[in-house]
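Chains as they are written, first to last, in our numbering: chain C, 1 to 619; chain G, 1 to 619.
Please note: incorrect hints may appear among the correct ones.
Identical copies look the same in the list; a pair holds intra-copy or inter-copy alike.
Think about it this way: if two alpha-carbon atoms lie no more than 27 Å apart in a straight line, the pair counts; the simulated BS3-like pairs of lysine-lysine are [what the hints assert, rightly or not]:
{"hint": "1", "residue 1": "Lys475", "residue 2": "Lys305"}
{"hint": "2", "residue 1": "Lys406", "residue 2": "Lys305"}
{"hint": "3", "residue 1": "Lys406", "residue 2": "Lys477"}
{"hint": "4", "residue 1": "Lys34", "residue 2": "Lys477"}
{"hint": "5", "residue 1": "Lys512", "residue 2": "Lys475"}
{"hint": "6", "residue 1": "Lys34", "residue 2": "Lys44"}
Note that these hints are calculated values from the structure, not bench results.
Protein chains: 2
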Amino acid sequence: MTITTRATLMQSQSPVERYLNTLIAEISQIDEGKIADYIPELAKANPDHLAVVVVTVDGKVYAAGDADVPFTIQSVSKPFMFGYALQEYGLEAVLRKVGVEPTGDPFNSIVLDDVNNRPFNPMVNAGAIAMSELLRGADAAEREAAQMTFFSSLAGRELTMDETVYRSESETGHRNRAIAYMMLNSGMINGPTEEVLDLYFRQCSILVSARDLAVMAATLAAHGRNVLTGERVISPGNVRDVLSVMATCGMYDYAGQWMFDVGLPAKSGVSGGIIAVLPGQLGIAVYSPRLDSVGNSVRGIEICKRFTRDFSLHAYVDRTDTRAVVHRSYHADEVTSNRVRTQPEIEILLKAGKAISVIEAQGPLHFGTAERLIRQASSYAQGSETLILDFRRVAYVDRAARMLLKQLVAELATQGCAVVITEACANENLRGLPEAFSDLVEAGQLSFVPDLDHALEAAENRLLEVHGLPHQVEKLKLADLELFAGLNREDILALEPLIHPFDFKAGETILKVGDEGRLIFIVARGSVSIHLGEADDLARRIASVGPGQAFGEMALLDGGTRSANARADTPVLVYGFSVEQVRELAATRPQIMEAMLSNMVRSLSSRLRAANDQIAALQ
Amino acid sequence: MTITTRATLMQSQSPVERYLNTLIAEISQIDEGKIADYIPELAKANPDHLAVVVVTVDGKVYAAGDADVPFTIQSVSKPFMFGYALQEYGLEAVLRKVGVEPTGDPFNSIVLDDVNNRPFNPMVNAGAIAMSELLRGADAAEREAAQMTFFSSLAGRELTMDETVYRSESETGHRNRAIAYMMLNSGMINGPTEEVLDLYFRQCSILVSARDLAVMAATLAAHGRNVLTGERVISPGNVRDVLSVMATCGMYDYAGQWMFDVGLPAKSGVSGGIIAVLPGQLGIAVYSPRLDSVGNSVRGIEICKRFTRDFSLHAYVDRTDTRAVVHRSYHADEVTSNRVRTQPEIEILLKAGKAISVIEAQGPLHFGTAERLIRQASSYAQGSETLILDFRRVAYVDRAARMLLKQLVAELATQGCAVVITEACANENLRGLPEAFSDLVEAGQLSFVPDLDHALEAAENRLLEVHGLPHQVEKLKLADLELFAGLNREDILALEPLIHPFDFKAGETILKVGDEGRLIFIVARGSVSIHLGEADDLARRIASVGPGQAFGEMALLDGGTRSANARADTPVLVYGFSVEQVRELAATRPQIMEAMLSNMVRSLSSRLRAANDQIAALQ
């Protein structure tokens, strides 16, 4: 028992849940409002029931109060049914059936928009009945099943209907019947009117809890993808239209004050439920059956006002920070690839590195962020030959952003600067990008490279080549090797017999973590990657070494085991030196050991300095 | 001439401007709509004038068409005047004068809300006239001046009035006069009615260009701070209220369709201007005097529809990416401070580093992002003794986020985990944070540390101390020094006479970039920072070294000049060794040189590995 209580307490420790519980306790003091009694079954609701549930777009549920008490969905179903119609028929066809203007008249008004001969909007009964006619199915049973399936997909669980309320609605819904027959009369409804009405009554009688409604609202916040099941229920474009109508028509005659006080698209129902949506963030549902004169839940509205005020959730509070779109920007004189460079190469990169610009973008790319990104990129890449745009942290690239990016690439092309986009391929939200930009790729203005490190290395190699240091030359003479720099001719001659030349094919493993370290290697031809992970995980390389450079040289110190893998990137020729033989030689020629160690200190120290620069630039 | 043309072409190369120019060219084909003629002066407008201007919250202006043609502001002034009233009197007082509900009646309706005896909203003439009475000033001239000053602050330049239109408005504004006298009759206006009307007519007659209106709209998008001058004109809370009323009442009887098609808070005027606001991102203004039957600019609406559709600017398109709130998270077994650690220290940090959690947050902290941050922090810091929250990249922390953070700190405190917030002090948007959290600071649950590196070092030091490695012990014996590890007793004895002990006070510079490198230093007591910048720029330190560790040791290789500064963090005792004397000794004892170089290789190599790990963790 004690354990259960403690576990419950632990769970309720989330600040948001604690807040909601306190809020519920306070709001429960309000006893204004009156339960709907236009049909007898609704009048049986418990006036004390009170719940608030908040669900984030990643499916975290915060519930307080009677979050699992079932009630009939009533008019809260209307925006979803509008979404269903948009999904099935498209906007143009749906707008022939219903408008999107708010009306000053009550929700159960019989008046139609006399200019267009259609209900004013899908949030009034007339509009909702018109939507019910659009349910797909060969017969009434199939259409009924389609309706239940759709609402169940929104809630993320199988919903049922309250048969008693349904019968009560059906038997006493004279006004709705009048609305339907008036629409039949004016040609807005074509099908069997009683069947359409039946579907509408069934829709209103679907049983939900505040928890269900919050999941449904969060699914709108997540742009139509169910936050619990991941199912795509409504497309993002249709969700936008649904939210727009909720914003102006969702709260009956309270729309202006609601926008002012709460500022979120919302929908209320006569059974006492209200949903509100903060797009991209969360869905809120409240339940309390006491209604005000307009038909909105008194305590529900108060909860929404308090919650959105206390947490600044109003739609017109700023949450966008377009500055964040540039995660980091640097040139190749500040941050370089993991390719280990010789001193002359480092000097060229330091001198001419401005020719390579890197911008790591982040977050969603839409007009606001893309406009800032291309503005910064255009100025940052002035005079560059390559601009690398890293998209590893980009959440998505919308249509507006694509258009702006295309124009940036075209503009930079006229200045002789090619654009490389990296890390876009592994990101499933960016999957369509290479095809969308295929014309630029074909024109040679843009390329896609899987990872930033290799893209940067390739750009560096081109730059070094332009500056007279082609990177793939051979270094076959011992005197050319960094490790032996400073040794005299006699020492070199003494070392020569110790060489063991090895050939490796591209992709072959040269040494592995844990191997015993008996040899020091020096690259004479080709390129070798040093990495820590699995042998085929090239993306995680920590360095790549080229002609003249050593690897595995730590064996000289202690002859311990290898701490990294080495793999041939290209066909390579490496010279191996046995640590034992070098040590024997050094016994008579100590200057060899001193020179080799000094060269290692120099190389390590220059690499450490570069690494520290890179850390500073990365922070 | 050629040069001028080329320069103009270069300037117009921005993709956004190019888009707007194309849009203007297409929209200019539309010749529907009729110029307002209810006062003779307005009828003189040129029907062909057409402009669109987009201004970002950081003040970048994109203009196309007749962006600088002056026209009278008319009803576009109304939301701003509502903002003025809110600034001067506060919400409660203003809501006694005017409501916030949309009305189905025309903008010049004489009807008042009979429940509250006030105009329906500040966007209809009656409401705007009620606002005019609220202008501050001892007499008419002062009130008139206050009005011009306010509007000039919004536009970021000194505005003037069109005297002819003003006289025309004043002479023919019978309907507005009727509205004003009806409000006088019902007690809504108390002051001299003709003077209030005069101020209202003057307000409508202020001359603006599309460029001015776009700046004014962008100032609302920037939450009330003028995007050109930086002046705070309206508070963010009042801007929120202004935008709310614009959303429901700004476009006359077109509100529902506008929300559906464009989805941005907007206001139109009878002279043909429309403004629209995308909060946090941009302001848009269009100008074309041809009006539709409702009184909105035909071509203006078309431009807004096209622009917002082409660039997905609708308010209910997702732009929030709450996931981005965690820039990076790591424990001290992955990333450490710049403090150089000995091998035993490194081993403890690797083993026990999970006790220190670091989360670098970024972007705006509001409910949606803070909820995610504290959720991740709470789980990430499970079992930690210290949680460092780095706020360098945090744009702001709103009230909701503060509340959630407070609860996180309190929750972690019960688990024995203290929170440190870093980089908050230098960030001017976070300036109030330490005071807001002073109770937690006093309770010892939270501390503020200027920079992350020092906070991390302090946490590491505490952790090492707990594990039996207090960091501030002295290392006075040569055999304890890392550089001389592995040397035998005789070598040590031979080295001892070469020691030159030096004392430095805290803050003293030990060596400077460019100095000649004659000595190798080893710390015996205290702590030394190595940094590249100015001697007093501690934040940019690249390393800090403690007892037993060397610095300036590269002098052993080539005796070149110093490449970094070293500065005493605390009172320090260092041992200096002359490179020359060490070299002399090594001539007879080569193993001394080999051991020193080997120790340097080991130390550099371990630091390089740590740096590479850090780079990997940072990426």
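Checked hints:
Within a single copy, Lys475 and Lys305 get their C-alpha atoms no closer than 74 Å, and across copies no closer than 64 Å, so neither meets the 27 Å cut-off. In this assembly of identical chains, Lys406 and Lys305 lie within 27 Å of each other by CA distance solely across copies; the values are 22 Å between and 44 Å within a copy. Taking the shortest alpha-carbon separations for Lys406 and Lys477, neither the intra-copy value of 48 Å nor the inter-copy value of 66 Å comes in at or below 27 Å. In this assembly of identical chains, the alpha carbons of Lys34 and Lys477 never lie at most 27 Å apart, being 95 Å within a copy and 86 Å across copies at closest.
In the homo-oligomer, the alpha carbons of Lys512 and Lys475 lie at most 27 Å apart inside one protomer (24 Å), although the nearest pairing across protomers, at 38 Å, exceeds that limit. With identical chains, the CA atoms of Lys34 and Lys44 are at most 27 Å apart within one copy only, with a shortest distance of 12 Å there and 57 Å across copies.
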